[in-house]
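Chemist: Numbering (my numbering), first residue to last: 507 to 647.
None of these hints come from the bench; they were simulated from the model. Backbone N, C-alpha and C fix where the C-beta goes; we use that ideal spot for every residue, glycine too. One or more of the hints may lead you astray.
Cβ-Cβ distance ranges computed for the label pairs, FRET-style [said to hold, decoys possible]:
(1) W590 x D619: 20 to 28 Å
(2) I622 x F547: 19 to 27 Å
(3) T586 x R537: 35 to 43 Å
(4) T520 x T609: 35 to 43 Å
(5) A560 x L528: 33 to 41 Å
(6) N532 x I622: 21 to 29 Å
(7) E620 x A539: 30 to 38 Å
(8) T586 x A616: 22 to 30 Å
(9) K597 x K519: 18 to 26 Å
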Amino acid sequence: MRASARRDHGLIKTDASPHCKLRSVNLRSVRWAKGFWSNRFRQCREVTLPHLWALLSDRKPGDALANRHLAAGLKEGDFTGSPWQDGWIYKWIEAASSFYAATGDRRLDAQMDEVIEEIARATTGRLPGVGIERARRAPLL
507 MRASARRDHG
517 LIKTDASPHC
527 KLRSVNLRSV
537 RWAKGFWSNR
547 FRQCREVTLP
557 HLWALLSDRK
567 PGDALANRHL
577 AAGLKEGDFT
587 GSPWQDGWIY
597 KWIEAASSFY
607 AATGDRRLDA
617 QMDEVIEEIA
627 RATTGRLPGV
637 GIERARRAPL
647 L
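Please work from the sequences and hints to get the whole structure.
Modeler: Following this line, the structure appears as structure tokens:
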């Protein structure tokens with residue numbers, strides 16, 4: 507198989523660098539078998555990520571996912587929550603992508619695709635949801 511056709515599941519892509527002496531480990535080739543880190547990995551995957559996803563949809567802390575729907579033009583309404591809450595979504599994607607790289611979990615992949623597609627639909631070119639109202643009033647420069 508050609509190197510270009512091979513799927514690399516390492517965290518850092520160093521294959522093309524002539525200066526790099528170390529190569530990334532394929533995340534699907536190693537596992538935390540038991541003990542402290544195995545327990546933390548399992549807890550993050552089974553408890554933390556699903557809990558954070560639920561918080562992203564919760565109206566009380568600001569409904570970060572609803573603000574993404576506003577930015578993508580999928581619904582009408584007003585921005586709610588804190589100006590920095592979009593960071594929760596991006597950090598969730600970062601954590602989920604690390605778990606996906608290690609596990610290949612298709613359900614997690616589908617969740618990431620859903621929110622990433624909404625981010626891509628936001629035609630303003632701005633990522634933060636706090637800019638929604640301002641973006642509606644002012645054209646891109």
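Chemist: Indicate, hint by hint, whether the structure satisfies it.
Modeler: Here's how the hints hold up against the structure:
Checked against the given bound of 20 to 28 Å, the beta carbons of W590 and D619, roughly 24 Å apart, stay inside it. I622 and F547 have their C-beta atoms about 23 Å apart, which keeps the hinted 19 to 27 Å range intact. Taking the beta carbon of each, T586 and R537 are about 41 Å apart, inside 35 to 43 Å as hinted. Our hint of 35 to 43 Å for T520 and T609 is violated, since their Cβ atoms are close to 22 Å apart.
Roughly 38 Å separates the CB atoms of A560 and L528, a value that falls within the hinted 33 to 41 Å. For the pair N532 and I622, the supplied restraint of 21 to 29 Å holds, since their beta-carbon distance comes to about 23 Å. Roughly 32 Å separates the CB atoms of E620 and A539, a value that falls within the hinted 30 to 38 Å. In this structure, T586 and A616 meet the distance hint of 22 to 30 Å, their C-beta atoms being roughly 26 Å apart.
Range check, K597 to K519: about 22 Å between beta-carbon atoms, so the 18 to 26 Å window is met.
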